[in-house]
Every structure is written in C-alpha cells, then in structure tokens.
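S.K.: Chain residues, written in single-letter form:
Protein chains: 2
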Amino acid sequence: MGIIMIIAVDGMGGDNSPKAVVEGCVLAVKEYDVDIIITGPEDTLQQELNKYDYKKEKIRILDAKEVISPNEHPVMAIRKKKESSLAKALALVKNKEADAVLSAGSTGAFMAGSLFIVGRIKGIDRPALAPIMPGKNGPFMVIDCGANAECKPENLVQFGLMGKIYFENILKVNNPTIGLVNIGAEEEKGNELTKAAHKLLKEADFNFVGNIEPREIPSGDVNVVVCDGFTGNTVLKMYEGVAANIFDVLKEEIMSSFTTKIGGALLKPAFKNIKKKFDYKEYGGAAFIGVKGICIKAHGSSDAKAFKNAIRQAINFYDNQIISKIQQVLEKNEQTSIAEFEEV
Amino acid sequence: MGIIMIIAVDGMGGDNSPKAVVEGCVLAVKEYDVDIIITGPEDTLQQELNKYDYKKEKIRILDAKEVISPNEHPVMAIRKKKESSLAKALALVKNKEADAVLSAGSTGAFMAGSLFIVGRIKGIDRPALAPIMPGKNGPFMVIDCGANAECKPENLVQFGLMGKIYFENILKVNNPTIGLVNIGAEEEKGNELTKAAHKLLKEADFNFVGNIEPREIPSGDVNVVVCDGFTGNTVLKMYEGVAANIFDVLKEEIMSSFTTKIGGALLKPAFKNIKKKFDYKEYGGAAFIGVKGICIKAHGSSDAKAFKNAIRQAINFYDNQIISKIQQVLEKNEQTSIAEFEEV
Chain A
32 MGIIMIIAVD
42 GMGGDNSPKA
52 VVEGCVLAVK
62 EYDVDIIITG
72 PEDTLQQELN
82 KYDYKKEKIR
92 ILDAKEVISP
102 NEHPVMAIRK
112 KKESSLAKAL
122 ALVKNKEADA
132 VLSAGSTGAF
142 MAGSLFIVGR
152 IKGIDRPALA
162 PIMPGKNGPF
172 MVIDCGANAE
182 CKPENLVQFG
192 LMGKIYFENI
202 LKVNNPTIGL
212 VNIGAEEEKG
222 NELTKAAHKL
232 LKEADFNFVG
242 NIEPREIPSG
252 DVNVVVCDGF
262 TGNTVLKMYE
272 GVAANIFDVL
282 KEEIMSSFTT
292 KIGGALLKPA
302 FKNIKKKFDY
312 KEYGGAAFIG
322 VKGICIKAHG
332 SSDAKAFKNA
342 IRQAINFYDN
352 QIISKIQQVL
362 EKNEQTSIAE
372 FEEV
Chain B
32 MGIIMIIAVD
42 GMGGDNSPKA
52 VVEGCVLAVK
62 EYDVDIIITG
72 PEDTLQQELN
82 KYDYKKEKIR
92 ILDAKEVISP
102 NEHPVMAIRK
112 KKESSLAKAL
122 ALVKNKEADA
132 VLSAGSTGAF
142 MAGSLFIVGR
152 IKGIDRPALA
162 PIMPGKNGPF
172 MVIDCGANAE
182 CKPENLVQFG
192 LMGKIYFENI
202 LKVNNPTIGL
212 VNIGAEEEKG
222 NELTKAAHKL
232 LKEADFNFVG
242 NIEPREIPSG
252 DVNVVVCDGF
262 TGNTVLKMYE
272 GVAANIFDVL
282 KEEIMSSFTT
292 KIGGALLKPA
302 FKNIKKKFDY
312 KEYGGAAFIG
322 VKGICIKAHG
332 SSDAKAFKNA
342 IRQAINFYDN
352 QIISKIQQVL
362 EKNEQTSIAE
372 FEEV
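If you read the sequences in order, they're chains A and B. The first sequence: position 301 = 332 (our numbering), numbered continuously. The second sequence: position 129 = 160 (our numbering), numbered continuously.
Just to be clear, a hint being listed does not mean it is correct.
Which copy is meant is left open, so a pair is good if it fits within one copy or across any two.
Unchecked claim - Here are the simulated DSS-like cross-link-like pairs (lysine-lysine), alpha carbons at most 25 Å apart as the crow flies:
no.	residue 1	residue 2
1	Lys61	Lys86
2	Lys50	Lys183
3	Lys50	Lys282
4	Lys220	Lys112
5	Lys220	Lys111
6	Lys303	Lys292
7	Lys111	Lys299
8	Lys167	Lys203
By construction, these hints were calculated from the structure, which means they are not laboratory data.
Given only the sequences and the hints, what does the whole structure look like? Please build it.
M.R.: Structure, rendered in structure tokens:
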C-alpha cells in the first residue's frame with residue numbers, strides 16, 4: 032500500500048452497474064485523494080470510463096470475467112466464482128493491494144465473501160452489517176441488520192462495542208448511547224436472547240441506556256441500537272416501507288385536485304428538505320464491521336452520488352483507523368479478563 | 032345470555048379512563064343494539080355516566096374496587112387483584128354473563144387475564160394479539176403482535192388459520208392471503224423459526240403466499256402476516272414510530288415559512304385524508320384471538336370514538352361467530368388427521 036489510499040470497487044454490482052458505479056468512482060477521484068481499482072470485464076468498464084474526463088492514472092481496471100447476480104445463492108456463488116468482479120475486489124483487500132472494498136451487488140454474497148476472503152477480526156465472533164440511518168433528531172446505527180439471523184447474547188455486546196467505535200470516530204459523537212432493541216422498556220421484557228443480552232450489556236464498557244422500543248428508534252435519540260440480524264433487518268425494511276408508503280399516498284393526495292396541486296407546489300422546498308433528511312444514501316452504504324478489512328456494502332439502487340458517498344465513508348473508516356481501534360479494545364478487554372482471572 | 036349481546040367493559044383501563052371509556056360506551060349503546068356492563072368504582076363510574084343522556088337500562092355498573100396499572104407485573108397483577116375492574120370484566124365472560132370483554136388498560140394484564148380467566152380454545156396452543164393495521168391498498172392483520180415473544184413453527188400455522196377466519200368473516204375478503212414475515216423472499220431465508228414455519232405453512236389449508244419482507248407489509252397487499260410476537264411487535268411499533276416521525280418533520284417544515292404555511296393550508300383536506308387512511312383507531316382494537324371468549328384490547332390512548340369502534344369490532348366478532356368457526360376448523364383438522372392416521 033502506498034501513501035494514497037487505494038479502494039477496490041466491484042464494478043458489476045448493483046441495479047445501475049456498471050454505469051453508476053463507474054461514474055461514482057470518477058466523482059470520487061476528483062473530490063477525494065484516493066486511487067481506485069475497478070473489477071469487471073475490461074472492455075465494458077473501459078467503455079464506461081471513456082465517457083469521463085479525469086486523471087487516468089487514478090482509476091485502474093482489474094479484469095474479471097464473471098458476475099455474481101443477486102439471485103444466486105450467496106455462499107455457493109462466492110465459492111464457485113473466483114473470477115467474479117466481487118471475489119477479485121475482495122482478494123485485493125486480502126492481499127493488501129487495496130485498503131478497502133465496495134460493492135453495490137448482492138448483500139449476501141458480499142458478506143459471505145468478506146467473511147471467507149477477508150476474514151474476521153480476532154475476538155469478533157460475528158461480523159455484522161451496520162447501516163447508518165437518518166433519524167428525526169440525528170443519524171443512528173442499527174447493528175446487526177441481516178448478517179446473523181440467529182445471535183447469541185455475547186454477539187450483541189460485540190455489536191455494541193463496534194458500533195460505539197464507529198459512531199465515536201466517524202460520526203464524532205462523544206460517548207454514544209447504545210440501546211437494545213426490545214418489545215418493552217423493562218429489563219425482564221422480551222425473548223430469551225434480549226433477556227440474556229440485557230444482563231451482559233449492563234456490564235459492558237460503553238454507555239448502555241437499556242432497552243429501546245422500536246417506536247423510539249426512528250427519532251435517532253439513541254445512537255446505536257443493537258439486535259440480532261433478523262430483528263435489525265425488520266427494523267430497516269419497515270423503516271423503508273412505511274416511509275415509501277406515506278410519501279406515495281401524499282403524492283396521490285396532492286395530485287387529486289387543483290387546490291392540492293397548488294399547495295404541493297408551495298411545499299416543494301419543504302418536501303425537498305424532508306427527502307434530504309430521510310435520505311439514507313447521504314450516509315453512504317452499510318459497513319460490514321468485524322472483518323479485517325474495510326468492507327462497505329453500497330445500496331443496490333445506488334446512483335453515482337450515492338456510490339461516491341459510500342466511497343467517502345470508506346475513506347472515513349480508513350482515516351479514523353476503525354479496525355485497529357476495534358482490535359485495541361478487544362486486546363484491552365482480553366488483558367483485563369486475564370488480570371481478573373489471575374486476581375482470583 | 033339474552034337475545035341482545037352483552038359486553039363487559041373494563042371501566043378503569045387506558046390513558047383516558049374512565050372518561051373516554053364511559054363516553055365510548057354511551058355512544059355505543061346509542062348506535063348499536065347492545066347492553067354494556069362497566070366494571071370499576073361505582074361512584075366514579077356513576078358520576079361519569081350522569082353526564083350523558085341515554086337509555087339508562089342499557090348500561091349497568093359492576094362495582095370493582097381495585098385497578099391494575101400499566102406498570103404492574105401483568106401476571107402478578109391479574110393473580111392478586113381479583114377485585115380489579117379488569118378481572119371482574121373478564122370473569123363476566125368466563126361465567127357467560129357477558130358475550131365479550133374490552134379493556135384499554137395494560138396489554139400484558141389483559142392477555143394474561145384472558146388466558147387464565149377466559150381460557151384457551153381447545154387446539155390453539157398460543158392465543159395471539161392480532162391488530163388490524165391500515166395499509167396503503169387496504170387493511171392488513173399482524174398476528175402475533177406481542178403475546179408470545181417465543182414461538183414454535185406450529186404456532187404460526189394456527190395464527191394463519193385464525194387470521195384467515197377473522198379476515199374472511201369480519202373484513203369480508205374472500206380467501207385472504209397469508210404471508211410469513213421474513214428477511215428474504217426465498218424459502219431458505221430467515222432464522223430457524225421462519226425456515227421451519229415456511230415448510231408447515233406451505234402444507235396448511237389456506238392461501239399461503241410465501242415470505243413477505245417487512246418492506247412490503249405496509250402496502251397491505253398481503254392480508255394476514257404471521258410471525259412470532261417479538262417480530263410482530265417490532266413491525267407494529269416501527270409502523271407507528273416511522274409514521275409519527277415523518278408527520279412531525281412535515282409539520283415542522285410547513286411551519287417554517289409563510290409560503291409553506293399557505294401550502295400547508297391548501298393541503299389541509301389532503302392531510303386529513305391521509306390521517307384518516309393511516310388511523311389504526313378506525314379498525315377498533317386488537318383482538319386477542321384463540322381464547323374461548325371475545326377479548327378485545329382497545330388502544331391505550333383510545334378516545335371515546337376509538338373505544339366505540341372497538342365495541343363495534345366486538346359486535347362483528349360476535350355476529351360472525353368467529354370463535355365457533357375457529358373451533359369448527361380445528362375439529363375438522365383433527366378429524367382429517369385421525370382419518371389419515373387410520374388410513375396408514
């Protein structure tokens with residue numbers, strides 16, 4: 032690795048790939064001080080790149096003949112398609128030829144590949160998908176959002192720890208609050224997992240504020256909410272689904288008469304602000320945290336700007352040395368455990 | 032029980048009790064052909080009732096000295112407070128002195144009391160809380176919404192069966208669709224529960240349409256969505272939380288300038304329509320289905336109109352003989368199983 036950060040990009044992942052991905056990369060090298068390696072069929076990528084004006088040496092192509100589609104079985108696909116744009120991008124990080132990897136393709140294949148090719152941080156049992164969501168009063172992180180449909184209580188403590196480091200360093204919130212997603216405010220509420228996790232979280236070395244009911248999540252008042260991946264994915268997708276439905280109905284109502292159309296026109300700037308406020312693309316992609324490399328999953332429907340934001344997020348991750356900070360905390364915890372053990 | 036339906040009402044449950052509850056009862060006896068027995072401190076209730084003009088013989092008071100608060104441990108409270116307004120209302124159904132029971136108080140105590148005092152329908156292992164929610168394209172049911180934080184796969188099949196009968200008879204949808212809440216459309220996605228439940232649901236005697244991702248739930252395109260109570264409660268509370276946040280932000284934006292205020296004024300009828308469309312109070316309360324009596328949990332913040340709607344829901348439940356229809360299907364299923372067993 033040189034002095035300039037190098038980012039590996041899966042050129043063939045996402046609904047709008049390679050077009051939006053390539054354009055996002057071009058925007059990024061113009062705005063940030065990074066070099067990019069895009070993986071995918073050389074001819075196709077070169078043709079896309081030729082459309083833009085930029086410093087040619089900033090973006091290289093690494094030829095990859097195969098593509099993993101979102102419909103393929105994630106684990107099978109990543110195991111079989113060694114020549115896929117995704118596998119080759121991940122290998123660049125594994126071999127330390129790149130400092131981070133991004134893809135807007137299959138979430139499952141990206142997570143499986145990050146786990147198998149890049150590998151876990153020692154001490155983290157389950158890496159987790161952790162998007163930043165726009166809340167009413169500020170952004171919040173949901174961790175895990177789908178990597179682990181089943182979790183053990185201790186996994187949720189590790190999620191809290193990683194979330195804290197991310198939030199503190201990238202979102203610059205001092206001593207961020209960590210909440211446990213649960214269906215009641217009281218400690219004894221919930222299922223077996225949340226009851227056991229609550230006990231462990233109370234003892235953890237971060238600002239645990241107790242259970243948070245899903246109704247309170249969208250306010251963003253709690254910075255990091257921890258849960259198993261099934262619950263987190265439900266939270267994330269309900270967020271998207273409810274918001275989309277309300278805006279659809281609002282639009283229908285505005286279009287229903289002349290008066291409401293005028294009203295809608297006058298509220299255009301307001302709607303624009305709201306759209307911006309609730310636009311999760313502003314925060315980049317979802318970090319897959321707990322692996323030994325910077326792995327960012329950009330949203331499948333990313334346009335060029337969203338993809339550029341995901342690249343910015345990878346740069347933040349790198350500049351703030353998130354991974355080595357997680358490693359340091361884990362080492363410290365381990366030493367404390369040994370010390371406590373020796374004291375007995 | 033006479034020819035006229037008799038409804039037992041917990042007079043002391045809910046944020047606005049006894050005022051809104053009593054007023055809701057008065058509205059109901061004026062509009063529907065029912066008699067009501069309200070439980071609670073006689074003096075307090077009589078004082079409230081004296082405010083209204085109605086046929087005095089339609090509403091009776093059953094004196095109950097104790098009140099269960101939402102902060103009490105549900106199971107403990109229902110066991111200890113035999114003289115509570117809730118326990119006495121439930122006992123009226125158990126003793127067949129009333130045909131249905133409603134409360135806007137503690138959900139936990141209501142469910143525990145319905146289970147202990149009224150009792151399960153034979154063949155239903157886990158009664159479930161099943162509210163009707165307003166979707167973009169129509170109402171939908173989420174079952175279970177919090178009665179059972181842990182579920183077995185076969186519980187979800189019973190939820191589907193009960194949901195189908197409710198939806199068919201009360202919402203008059205022919206052959207309603209049943210979906211399994213899951214974090215992926217494919218059969219093999221999800222956690223252990225959803226994977227096992229999917230297999231059973233495919234074999235069930237109703238219109239199972241496969242997995243439904245939480246993003247799709249708010250459209251209302253699938254009539255009945257089944258899940259464990261932890262997931263259902265998360266779906267319900269995210270729905271409420273996201274909607275409330277969006278409307279809050281919209282309000283703030285409208286109040287931010289003169290132009291947007293005018294725009295907001297012109298859109299008033301549109302907002303009213305939207306509010307009505309997404310008002311879950313329109314559909315009454317949440318039925319606690321699977322017990323041997325009609326048990327309706329009205330929303331804690333019910334006003335008089337919402338409480339009246341919950342009473343209408345109990346009447347629908349009664350008129351359509353939901354409980355005996357559930358019993359009939361269970362008997363039929365049992366006979367089929369015996370026949371299949373004998374064939375072997």
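S.K.: Could you figure out if lysine 61 and lysine 86 sit no more than 25 Å apart (CA to CA) within one copy, between two copies, both or neither?
M.R.: within (8 Å within a copy, 79 Å between copies)
S.K.: For lysine 220 vs lysine 111, is the C-alpha pair at or below 25 Å within one copy, between two copies, both, or neither?
M.R.: Between. Shortest inter-copy distance 20 Å satisfies the 25 Å Cα cut-off; intra-copy 44 Å does not.
S.K.: When no copy is named, should lysine 50 and lysine 282 be tagged within, between, both, or neither for a Cα gap of at most 25 Å?
M.R.: neither (30 Å within a copy, 38 Å between copies)
S.K.: At most 25 Å between CA atoms: does that hold for lysine 111 and lysine 299 within a copy, between copies, both, or neither?
M.R.: For lysine 111 and lysine 299, neither the intra-copy (50 Å) nor the inter-copy (57 Å) Cα distance is at most 25 Å.
S.K.: At most 25 Å between C-alpha atoms: does lysine 167 with lysine 203 qualify within a copy, between copies, both, or neither?
M.R.: For lysine 167 and lysine 203, the Cα distance is within 25 Å only inside one copy (18 Å; across copies 38 Å).
S.K.: How do lysine 220 and lysine 112 come out at 25 Å by Cα distance, when the copy is not named: within, between, both, or neither?
M.R.: The answer is between: 21 Å across copies meets 25 Å, while 45 Å in one copy does not.
S.K.: Taking 25 Å as the upper bound on the Cα-Cα distance, should lysine 50 and lysine 183 be classified as within, between, both, or neither?
M.R.: neither (41 Å within a copy, 46 Å between copies)
S.K.: Is it within, between, both or neither when you check lysine 303 against lysine 292 at 25 Å Cα-Cα?
M.R.: So lysine 303 and lysine 292 pass the 25 Å test inside a copy (16 Å) and across (15 Å) alike.
In terms of the numbered hints stated before, the structure departs from hints 2, 3, 7, listed from lowest to highest.
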